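Colleague: Got chain B; can you put chains H, S and L on it based on the hints?
4 protein chains.
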Amino acid sequence: MHAWQISQFGIDSMEFVERPVHEPGPQDVVVKIHAVSFNYRDLLVVKGLYNPKMALPRIPCSDGAGEVVRVGERVRTWKPGDRVTGIFMQNWLDGAPTPAKTKGALGGDVDGMLTELAVLHEDGLVRIPDHLSFAEASTLPCAAVTAWNALAAARLMPGATVLIQGTGGVSLFALQFARLAGHRVLGISSSDDKLERARKLGLDAGVNYRTTQDWDKWVLDQTNGEGVDLVVEVGGAGTLPVSLRAVRMGGHIAQIGVLSGPSNAVPLPLILHKQVHIRGIYVGSRFDFEQMNHAIQFARLRPVLEAHPWTQAPAWLHRMEDGSHFGKLVMRLDS
Amino acid sequence: MHAWQISQFGIDSMEFVERPVHEPGPQDVVVKIHAVSFNYRDLLVVKGLYNPKMALPRIPCSDGAGEVVRVGERVRTWKPGDRVTGIFMQNWLDGAPTPAKTKGALGGDVDGMLTELAVLHEDGLVRIPDHLSFAEASTLPCAAVTAWNALAAARLMPGATVLIQGTGGVSLFALQFARLAGHRVLGISSSDDKLERARKLGLDAGVNYRTTQDWDKWVLDQTNGEGVDLVVEVGGAGTLPVSLRAVRMGGHIAQIGVLSGPSNAVPLPLILHKQVHIRGIYVGSRFDFEQMNHAIQFARLRPVLEAHPWTQAPAWLHRMEDGSHFGKLVMRLDS
Amino acid sequence: MHAWQISQFGIDSMEFVERPVHEPGPQDVVVKIHAVSFNYRDLLVVKGLYNPKMALPRIPCSDGAGEVVRVGERVRTWKPGDRVTGIFMQNWLDGAPTPAKTKGALGGDVDGMLTELAVLHEDGLVRIPDHLSFAEASTLPCAAVTAWNALAAARLMPGATVLIQGTGGVSLFALQFARLAGHRVLGISSSDDKLERARKLGLDAGVNYRTTQDWDKWVLDQTNGEGVDLVVEVGGAGTLPVSLRAVRMGGHIAQIGVLSGPSNAVPLPLILHKQVHIRGIYVGSRFDFEQMNHAIQFARLRPVLEAHPWTQAPAWLHRMEDGSHFGKLVMRLDS
Amino acid sequence: MHAWQISQFGIDSMEFVERPVHEPGPQDVVVKIHAVSFNYRDLLVVKGLYNPKMALPRIPCSDGAGEVVRVGERVRTWKPGDRVTGIFMQNWLDGAPTPAKTKGALGGDVDGMLTELAVLHEDGLVRIPDHLSFAEASTLPCAAVTAWNALAAARLMPGATVLIQGTGGVSLFALQFARLAGHRVLGISSSDDKLERARKLGLDAGVNYRTTQDWDKWVLDQTNGEGVDLVVEVGGAGTLPVSLRAVRMGGHIAQIGVLSGPSNAVPLPLILHKQVHIRGIYVGSRFDFEQMNHAIQFARLRPVLEAHPWTQAPAWLHRMEDGSHFGKLVMRLDS
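Chains as they are written, first to last, in our numbering: chain B, 1 to 335; chain H, 1 to 335; chain S, 1 to 335; chain L, 1 to 335.
Bear in mind the hints are in silico, worked out from the structure with no lab data behind them. It is possible that part of the hints are untrue.
Stated by the list, open to error - Facing chain B, a subset of chain L residues (Cβ under 8 Å, in silico):
{"#": "1", "residue": "Ala96"}
{"#": "2", "residue": "Pro97"}
{"#": "3", "residue": "Thr98"}
{"#": "4", "residue": "Pro99"}
{"#": "5", "residue": "Met249"}
{"#": "6", "residue": "Gly250"}
{"#": "7", "residue": "Leu268"}
{"#": "8", "residue": "His273"}
{"#": "9", "residue": "Val276"}
{"#": "10", "residue": "His277"}
{"#": "11", "residue": "Ile281"}
{"#": "12", "residue": "Tyr282"}
To be verified - Here are the simulated lysine-lysine pairs, DSS-like style, with alpha carbons at most 30 Å apart:
{"#": "13", "chain 1": "S", "residue 1": "Lys103", "chain 2": "B", "residue 2": "Lys101"}
{"#": "14", "chain 1": "L", "residue 1": "Lys103", "chain 2": "H", "residue 2": "Lys101"}
{"#": "15", "chain 1": "L", "residue 1": "Lys47", "chain 2": "L", "residue 2": "Lys101"}
Fair warning: this is a prediction, and the values are worked out from it, not measured in the lab. Beta carbons: idealized from backbone N, C-alpha and C, even for Gly.
Looking at chain B on its own, in the form it has when it is part of the complex (with noise of 0.2 Å):
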């Protein structure tokens, strides 16, 4: 089979390679991918940033989608022909998460997707909502499961306001599931172009936050003063601070994002005044991806995407670098 793999780290140090497909086990299933997306995990796997100790080589993505071609002898779950995604962590099927169960993330502690045949634990796959493409399937494991737990985190009422921050992976994810489940959303950008095109989404209000540098002001216009109730925090150190000014008291953070900019003070005062809940959400559970697809179904949402060949995957790397894209960073491997 063909695939990508991290020989050294770098973008241009990748290599499009011939490897031997893994012989399955008997608890094992052979997947031919047909479409991988990218997050910005990727991108610091492969530049060498997220883990410098990583053993190379290594297939990177943790989010590829295609169709079961094998099974392994004891496998009943799956047989071939069935549409799958992988789990973002291979061990967390289900409650709370553990350091066993958060071992184990494909594309980074294992081998990923970026190839043509992935071998995965029969426990580590999830079956595709029936109206998407693979390419859209393939966009779900980490942004659209992260955006998921975000919410879920906060557990709102219809009519309580979000607020997310770009246009991303995860907070297009976010924009629609919110919507989904009746909240006002807001958000923030650095390109108006990108703004109108969120409103189109369904985003209720937007402001840029180059032209706007206190947005928290903008957002407590937006609320009457009082906040948003919930925002999925992707920006990280940068945004933190404006982030807490800019949420209600008693409201809620999911700090997501790790990113931006210098590692400012977080102003712990605000935390305490406002008595915000801040939790970290690192992707979830097979449990929570297989619900999402529940809700992803019923709704027959779509993800917001633009696809493009995988042999340019380094290309499309250094794409995402600059921040250009709107949504999810789709490999196609099928065409």
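Modeller: Same frame as chain B, now just chains H, S and L:
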């Protein structure tokens, strides 16, 4: 002022009388009532079945909407012209219920709203969402808040399935709120025509429980054999056993109704083996009402009602008794 | 190996037989059983009242403790000499219950523990707290986990009041866990002597329900008229109506028992007006069991039991039937 | 009456003055204060660091206990002789916090308790547990309610492990409440002597953070490598990064302190990967206070304090500054 009062129990014993207006205390508000909606409880009150020991005469009905015409000297929250409804339990403003908070229900413990002028403490009112008429707003205090809290008790994620029973006020509000929250809604009714009308309001699927008496099997068929996540149980002893068969393992029953049929034995082993959560719902607090109004205003929901002149109130209580209405029955005072 | 088996239903039809040991699969563990405890369910199983269609012969009893004597070739979790108990439902490891997880209950769906050697999947075991004997550990899988989850369902703060019913296994574990959690515990029993013994275990106050049949009034007297925060309801249809009068507004009922008396009507209006939370409790997951064991070990709790030779198992099932025991009845295999 | 007042900021600028007593309004209560306890916030208030724009003169201190000596004409809840303390935020009676409810903090937004006579609204008081002296009761409004809600935010089961920091008021209350709830308690302190005194109060294990600066490793050693379930985080920016390393995956941090050290960067990746729940705790409502008092009375807990004459208040504020006290510092007015 004019009012309907219960001088002795019985629908046809209700008297349309002229009564003096109470002088408002320093924290009281005088509300000119424009519309009043009926609840099944009002029918029981009038007939003496709700509280046979109630002191008479009493003005019935918990749910009325109107405008502020005068305020006590220390009132700062309200001013003449404000559009308001009363809250069901005048002392339950916030937090968990207590015996003290749940006393003072309008049209039961104290005089109610079927009157031209009502005098209420300033704490016992909420503002009407802008897009609603008085008739629409009058439907909210009991039925809508009850439906809201039935959903709040379960805090389901989008894609979850909710079962409603019949097409009375609570059930149709539950339908509207559940759809708003991204849930799938199943329903049962004694009338194919009413099911058809409910479908137009968003019901995903329905069945006539007269022709399909084992509607729990229908529910299981509709849910891949699993059962629903939440039953908004308004039927009472006659339906609870069936609801317990129709709810999924670990699912929720919001227990609201105490009405139907003979007091059949509840199948306790099902509660146990299915690990069901049953929660008694008795309207809610002012906080709940305000949060609900926020959602209603955001989503521009409109209650389902039919309105009639208040001079015919007894006739419409009789009509309520026969169950032929759909949604809420409202009495107009202003036409 | 020797085992007791149900060849046909009835306590006196139980047979003490010699059976071959199942060859362990690659992920199985062979446990030499040292002690087995009885639950009321075991009595119902043996008499054919739990599942009249159960395939026979079957080895009864869910609860046994012993030591690992042999492990399958792929087992890494356990080694010979490890002290273990089985988990009640062999497939419920973690997370919310599902029909699939709650199949496979020992001594019901599959052979149980009243045997010298039990062969279980490596996932279906938990480690015994160091300070407990095999006899003590054998009491935990069903009754203790049930009591633990009854308390977990309510998550009360210290100072809250819990009501237990009788002095069987679940009730005494609930007493011990509730006291450990800083709760006040009230109890009812048919025996003054048993109440006295319960007081020595920490019961704060008790009443004899034979001489005080309106024990709900006694409970209200003890709680300043408010009622208790949680009833660990093991009585079933005979006690649930009284429990609903004895619980506070907004309080909790952990529904466990399905046993007592005639199937009286449940007073639904009380569930509604008191806004009670009723939750069906059916044992729990391996995660719950391990968390409970952690608490038992930390607090060095010791189960309350009386132990007898397993060769007399039928006699002690008869004894269980008459209700004269206190705490758990244990059969020793090692004496 | 006599009172200490802040006429200008600074401990040594405090003035012991004679002031007229406010005439109580119809719903007010006059309380003769017998004891006042200090919180770190009082020190900041007096020094002008809490709110440099505070209108002066102002009577400081949120926490006082005394007896009712006179009530307004419409007061029904209280009568002369009742033993009471004020609640920290005079308007937060119940339910979730809001900006309106959290205004009106005693000794900050309005005059406080370091006075012979305090005039408070009847809603702003709670009854003192019978077994407590005025000095003991004076320690409760801020520190004890804060510690109570730190534990309430996590709702841990028995056997869970809680980490406290230092031996100030909040930390020792957290220790007492955690032990009452069946938790294991670990602690850090700058003083071996204070750790020894804490052990006598129930601390399970402690370490001196001056000699063991990487106390997170000590915590991991104490918890089988897993970390604690809850950190009662009173240190602030100086300790939060270490606490994030010491808490288990999925664990809780009750964020209380804003005090220590330089504003170091908070390691956001740890929040994310460990999926930590951080919750800001700012005292609590009257409902929380009453529930806590119920637990204190049931368990007959006694606060840890040292008491001194109120005429020496400034000297003891200086003493508070150097951190040498253990538990609460109380000023007696009645000796």
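Colleague: For each hint, tell me whether it holds in the structure or not.
Modeller: Now the hints, each set against the structure:
1. The closest approach between the C-beta of L/Ala96 and any C-beta of chain B is roughly 5 Å, which is under the 8 Å cut-off, so the hint is satisfied.
2. Contact between L/Pro97 and chain B, as hinted, is supported at the beta carbon level, the nearest pair being about 5 Å apart and thus within 8 Å.
3. Because the closest C-beta pair between L/Thr98 and chain B is about 6 Å apart, less than 8 Å, the hint holds.
4. The beta carbon of L/Pro99 comes within 6 Å of a beta carbon in chain B, closer than 8 Å, and the hint placing it at the interface holds.
5. The beta carbon of L/Met249 is positioned within 8 Å of a beta carbon in chain B (closest approach about 5 Å), and the interface hint is therefore held.
6. The closest approach between the C-beta of L/Gly250 and any C-beta of chain B is roughly 5 Å, which is under the 8 Å cut-off, so the hint is satisfied.
7. Against a cut-off of 8 Å between C-beta atoms, the interface hint on L/Leu268 holds, since the closest Cβ of chain B lies about 5 Å away.
8. The restraint placing L/His273 at the interface with chain B holds, with a minimum CB-CB distance near 6 Å, inside the 8 Å limit.
9. Contact between L/Val276 and chain B, as hinted, is supported at the beta carbon level, the nearest pair being about 5 Å apart and thus within 8 Å.
10. With a least beta-carbon distance of about 5 Å to chain B, the hint placing L/His277 at the interface is held under the 8 Å criterion.
11. A hinted interface residue such as L/Ile281 counts as satisfied when its beta carbon comes closer than 8 Å to some beta carbon of chain B; here the least separation is about 7 Å, so the hint holds.
12. The criterion of a C-beta within 8 Å of any C-beta in chain B is met by L/Tyr282, whose closest approach is roughly 5 Å, and the hint holds.
13. The suggested pairing of S/Lys103 with B/Lys101 holds, with an alpha-carbon distance near 24 Å, which does not exceed 30 Å.
14. Our distance criterion of 30 Å between C-alpha atoms is met by L/Lys103 and H/Lys101, whose separation comes to about 24 Å.
15. The suggested pairing of L/Lys47 with L/Lys101 holds, with an alpha-carbon distance near 26 Å, which does not exceed 30 Å.
The structure shown violates none of the earlier numbered hints.
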